[in-house]
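So you can see what is in the structure, the chains are spelled out below.
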Amino acid sequence: MDFMLSKQHEMARSLFREFAEKEVKPLAQEVDETEVFPRATVEKMAKAGFMGIPVPKEYGGQGCDILTYAMCVEELSKVCGTTGVIVSAHTSLCCDPILTYGTEEQKQKYLPDLAAGRKIGAFGLTEPGAGTDAQGQQTKAVLDGDDYIINGSKIFITNGKEADVYVIFAVTGTVEKRGRMIKEISAFIVEKGTPGFTFGTKEKKMGIRGSSTYELIFTDCRVPKENLLGKLGEGFKIAMHTLDGGRIGIASQALGLAEGALETTINYVKERKQFGRAIGAFQNTQFQLADMATKVEAAQLLVYKAAMAKATQKVYSVEAAKAKLYAAEVAMEVTTKAVQLHGGYGYTREYDVERMMRDAKITEIYEGTSEVQRMVISGALLK
Amino acid sequence: MKIVVCIKQVPDTKGGVKFNPDGTLDRGAMLTIMNPDDKAGLEAALRLKDQYGAEVTVITMGLPKAEEVLREAMAMGADKGILVTDRVLGGADTWATSQTLAGAIRNLEYDLIITGRQAIDGDTAQVGPQISEHLGIPVISYAQKIEVEGDSVIVERQYDDRYHVLKAKMPCLVTALAELNEPRYMTPGGIFDAYNAEITVWGRADLKDVDDSNLGLKGSPTQIAKASDKVRKGAGEKVTLDPTESVDYIIGKLKEKHVI
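Chains A and D supply the protein sequences, listed in that same order. Under the numbering used here, read the first sequence as residues 1 to 383, first letter to last. Under the numbering used here, read the second sequence as residues 1 to 260, first letter to last.
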């Protein structure tokens, strides 16, 4: 068993780190303060190929593995949680389901623009009454001639108004399962500008404030039937499979936030003096840092293991759930400790750790709460 | 069009500098980067490739580890990489280096050779012009802009207070300034492709029309008398005084040290 990264992965990491330091970090505070989507950064990432890392070359992507993609989200999130989630939602939640379930025509039509970052992707599953309970969907799609007519709304959609291509879930009927009737859910590819597809309110969030989180509204929105993604009624399966992959992206984001907070704190405790000594000279600081670093490394191993599992296994739900559960909780713990070690300064917006702590909280909630991850993991244990 | 770009792996000065007992740099023990002027030269070549279509070959002389800088160049978009490495080439000064690179380039077809103005580890700015001399082709140094027109290059050569516009028939050699452009990033896919690609490795035997007496430490007229890392300045002395007292204090200190 070898825990060494290959030279290729090391070089890719150095690329992502250099990009993050030069292009992303200088804007992180402003993006948070102004809540403006960092469009110019996305264009630079597109040029550098970051918007299609695991998409095969034949569809205009970089043809890299999931580990490379995870490291990209990790390094971006070290300096800016917003930028990390933009790439994660675009790649894991839009490119991936089209690549996995799309027809050849759909792949040819959508993936080259998405992978090159000319278009941005988003994913619409969550509704006001359907969060963890994805079966609670109210949005409906009804076949009418050659089109499906979609009615309903989606909330908390990352890349909301900025995206061009959306993977949307809607109820297409009811089916009997184990003697009771349940909703039949299907997935659709919906393009921005389709008549009847509009945007509702923008969420005012605690963290990742530059990511554009919107309500999507569908009012008699006609989508050609060839935009059905996968088979009719496969929506729930597509959503769950997509979220398994998405969790690796969010786990990477959480890992990056924890690493960023740890690095920032290590630098701070060497500089900050109290009682005539750098606070890094106090045993409390040293022990806190030791615990933080240990947990960060454990999280990294789980995240990388999940990334490798997606590359090599058909089913990787448990690996992804463990990685996300642990990395998210470590992110929250490490960023909170980082603020504590910064003292009063850490509570101010002048210091990055304040933002990192706010950004970290969402990683315990979206793409499956920590409680959902525990359900997935324990479900597999007790099967 | 065929473009050859000479690049060098240099110490990343952020990581500190280490020396061999003979005063030359211990390159194996230091963090490294692609020399910034060379990277700008590579970017210029890649832009010519994007604009006119060209085959870009990167060449470096160094330790086997210098292969990394070729991979990096290929991950940015260079087509081929050549590593010139041999124990007998070690310890080369600018003369021996330019002889080596010229000997390697004689094996290649080229319209344009681009080198960086100078490397941040030696700061001599000699290797590029020397290569052109060995190959018998024109050189335009300190390029801040490079354009191709038919079979010629048009280059803006930078001076302190002005620039000259020079036109030269190809083949010719241009030395590039870091200010020439903002080099592109590697792409993730490009990195994996670069590691799958073959790198050509040449040794002494592959160099064309070069005499042994011009190679390596033995072929280097430059002898290093002494080498040392930059002396790190301490924190200095801090005093809190009002402005008049401060001036008196500073004047006193300068007199004490016989500066004034």
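Warning: the hint list may mix true and false statements.
Unchecked claim - Straight-line distance between alpha carbons at most 27 Å, and here's what the computed DSSO-like set of lysine-lysine pairs gives:
{"id": "1", "chain 1": "A", "residue 1": "273", "chain 2": "D", "residue 2": "2"}
{"id": "2", "chain 1": "D", "residue 1": "238", "chain 2": "A", "residue 2": "270"}
{"id": "3", "chain 1": "D", "residue 1": "80", "chain 2": "A", "residue 2": "7"}
{"id": "4", "chain 1": "D", "residue 1": "208", "chain 2": "A", "residue 2": "57"}
{"id": "5", "chain 1": "A", "residue 1": "273", "chain 2": "D", "residue 2": "238"}
{"id": "6", "chain 1": "A", "residue 1": "7", "chain 2": "D", "residue 2": "65"}
{"id": "7", "chain 1": "A", "residue 1": "305", "chain 2": "A", "residue 2": "295"}
{"id": "8", "chain 1": "A", "residue 1": "270", "chain 2": "D", "residue 2": "18"}
{"id": "9", "chain 1": "A", "residue 1": "47", "chain 2": "D", "residue 2": "2"}
{"id": "10", "chain 1": "A", "residue 1": "47", "chain 2": "D", "residue 2": "208"}
{"id": "11", "chain 1": "A", "residue 1": "270", "chain 2": "D", "residue 2": "145"}
{"id": "12", "chain 1": "A", "residue 1": "47", "chain 2": "D", "residue 2": "18"}
{"id": "13", "chain 1": "D", "residue 1": "238", "chain 2": "A", "residue 2": "44"}
{"id": "14", "chain 1": "A", "residue 1": "22", "chain 2": "D", "residue 2": "167"}
{"id": "15", "chain 1": "D", "residue 1": "233", "chain 2": "A", "residue 2": "7"}
{"id": "16", "chain 1": "D", "residue 1": "49", "chain 2": "A", "residue 2": "22"}
{"id": "17", "chain 1": "A", "residue 1": "7", "chain 2": "D", "residue 2": "18"}
{"id": "18", "chain 1": "D", "residue 1": "49", "chain 2": "A", "residue 2": "44"}
{"id": "19", "chain 1": "A", "residue 1": "44", "chain 2": "D", "residue 2": "80"}
{"id": "20", "chain 1": "D", "residue 1": "208", "chain 2": "D", "residue 2": "65"}
{"id": "21", "chain 1": "D", "residue 1": "208", "chain 2": "A", "residue 2": "273"}
In short, the hints are calculated from the structure, not lab data.
Exercise. Can the restraint linking residue 273 (chain A) and residue 238 (chain D) be considered satisfied, given a maximum Cα separation of 27 Å?
Worked result: holds (17 Å)
Problem set entry | Given hint residue 57 (chain A) paired with residue 208 (chain D) - CA-CA distance at most 27 Å | Between residue 208 (chain D) and residue 57 (chain A) the Cα gap is close to 40 Å, so the pair fails against 27 Å, i.e. violated.
For this session: Would you mind confirming whether the straight-line C-alpha gap from residue 80 (chain D) to residue 7 (chain A) stays at or under 27 Å?
Result: With a Cα-Cα distance of about 19 Å, the restraint between residue 80 (chain D) and residue 7 (chain A) holds, given a limit of 27 Å.
For this session: Assess, step by step, whether the Cα of residue 47 (chain A) is no farther than 27 Å from the Cα of residue 208 (chain D), and give holds or violated.
Result: Violated, at about 40 Å.
Exercise. Straight-line Cα separation of residue 47 (chain A) and residue 2 (chain D) no greater than 27 Å?
Worked result: holds (25 Å)
Exercise. Would the pair residue 238 (chain D) and residue 270 (chain A) pass a check requiring their Cα atoms to be no farther apart than 27 Å?
Worked result: holds (20 Å)
Exercise. Taking 27 Å as the top limit, are the C-alpha atoms of residue 270 (chain A) and residue 18 (chain D) close enough?
Worked result: Given that 27 Å is the threshold and the Cα spacing comes to 26 Å, the pair holds.
Exercise. Is it true that the CA of residue 270 (chain A) sits at most 27 Å from the CA of residue 145 (chain D)?
Worked result: The given pair, whose Cα atoms are some 44 Å apart, is violated under the 27 Å limit.
Exercise. For the pair supplied as a hint, residue 208 (chain D) and residue 65 (chain D), is the alpha-carbon distance within the 27 Å limit?
Worked result: holds (24 Å)
Exercise. Is the Cα-Cα distance between residue 238 (chain D) and residue 44 (chain A) 27 Å or less?
Worked result: violated (44 Å)
Exercise. Residue 273 (chain A) and residue 2 (chain D): Cα distance at most 27 Å?
Worked result: Violated. Residue 273 (chain A) to residue 2 (chain D) sits at ~59 Å, over the 27 Å cutoff.
Exercise. Hey, residue 233 (chain D) versus residue 7 (chain A), does the alpha-carbon distance stay inside 27 Å?
Worked result: violated (36 Å)
Hints 1, 4, 10, 11, 12, 13, 14, 15, 21 from the earlier list are contradicted by this structure; the remaining hints agree with it.
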